[in-house]
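**Q** Throw the hints in and build the complete structure from the sequences for me.
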Amino acid sequence: MAEDAQGIWASSENGVLLHLNDRGEVRDEIRLSAKVYCLRLAPDGDLWVGSRGAIYRLRQGRAEPLPGDLDLRQADVRDLLFEGPDRLWIGTYGRGLGYWNGSQVRWITTAEGLPDNSISRVLVDRERWIWTLTNSGLAVADRSHLLTTARGEANHGDFVVFGAEDGMPEGNFGSPAGFADPATDRLWFGTIDGPVRIDAAGFPFRQRVFPAAVRTALGDGEPLALGDSIV
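Quick note on the numbering used here: the sequence shown kicks off at 20 and runs consecutively.
Hint data in this document are derived by calculation from the structure and do not stem from the laboratory. Treat the numbers as computed from the prediction; the structure is a model and nothing was measured. Beta carbons: idealized from backbone N, C-alpha and C, even for Gly. Errors might be hidden in some of the hints.
What the hints assert, rightly or not - Derived DEER-like restraints, expressed as beta-carbon distance ranges: (1) G213 with T129: 20 to 28 Å; (2) D23 with S248: 54 to 62 Å; (3) D105 with A244: 33 to 41 Å; (4) D105 with E172: 19 to 27 Å.
**A** What follows is the structure, given as structure tokens:
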């Protein structure tokens, strides 16, 4: 489900989208020829739909697929997280984490540090860190670094991963499989063993890293003069 100013959008896997008012009456009905896995409202109020192998945007009562080759390869689009009206993160089941910049998708996969390419939920906390629930653990990374990775400016997502050894069960349960509580900055995720709660405000790897200051340098056991460069 997704809530807008006029009511509630609801759908099931069969591809039927229903727009209900506050009395539960159907305002509008749209049928897609694909399974539906997630509904998300964009900042401009448009409804976006994640389905098998495609993403649709609803405008003026019509569902328009995103243009171009999204390279989804029949993957299930399980989640969408907006960076802006035409920028979004795409969580897929089998293809990894995608970033759509308005014209094309760049993919972040296990090759870039994700623990698994099967994703059930993508959330952002108040400090703008992105949390990705996968079948093999919960991965968290600084949003700005993920953006540089998606742009091809870095070759690794720099993820911190909570896996089974940390008590994190397999994701893959529920749609959506989690939500963020903005009042407390706690994140909730659905797993095959039940709900998991994360206190994002207490995440220990969030501290800002300061540059190192070199105080001493030795060459063959002898002190070297310190300056802008050391030879």
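**Q** Hints first: check each against the structure and report whether it holds.
**A** Now for the hints, and whether the structure bears them out:
1. Look at G213 against T129: about 26 Å separates their beta carbons, and that is inside 20 to 28 Å.
2. The hinted window of 54 to 62 Å between D23 and S248 holds, with their beta carbons roughly 59 Å apart.
3. Distance hint check: the CB atoms of D105 and A244 are about 54 Å apart, inconsistent with the given range 33 to 41 Å.
4. About 20 Å separates the C-beta atoms of D105 and E172, a value consistent with the hinted range of 19 to 27 Å.
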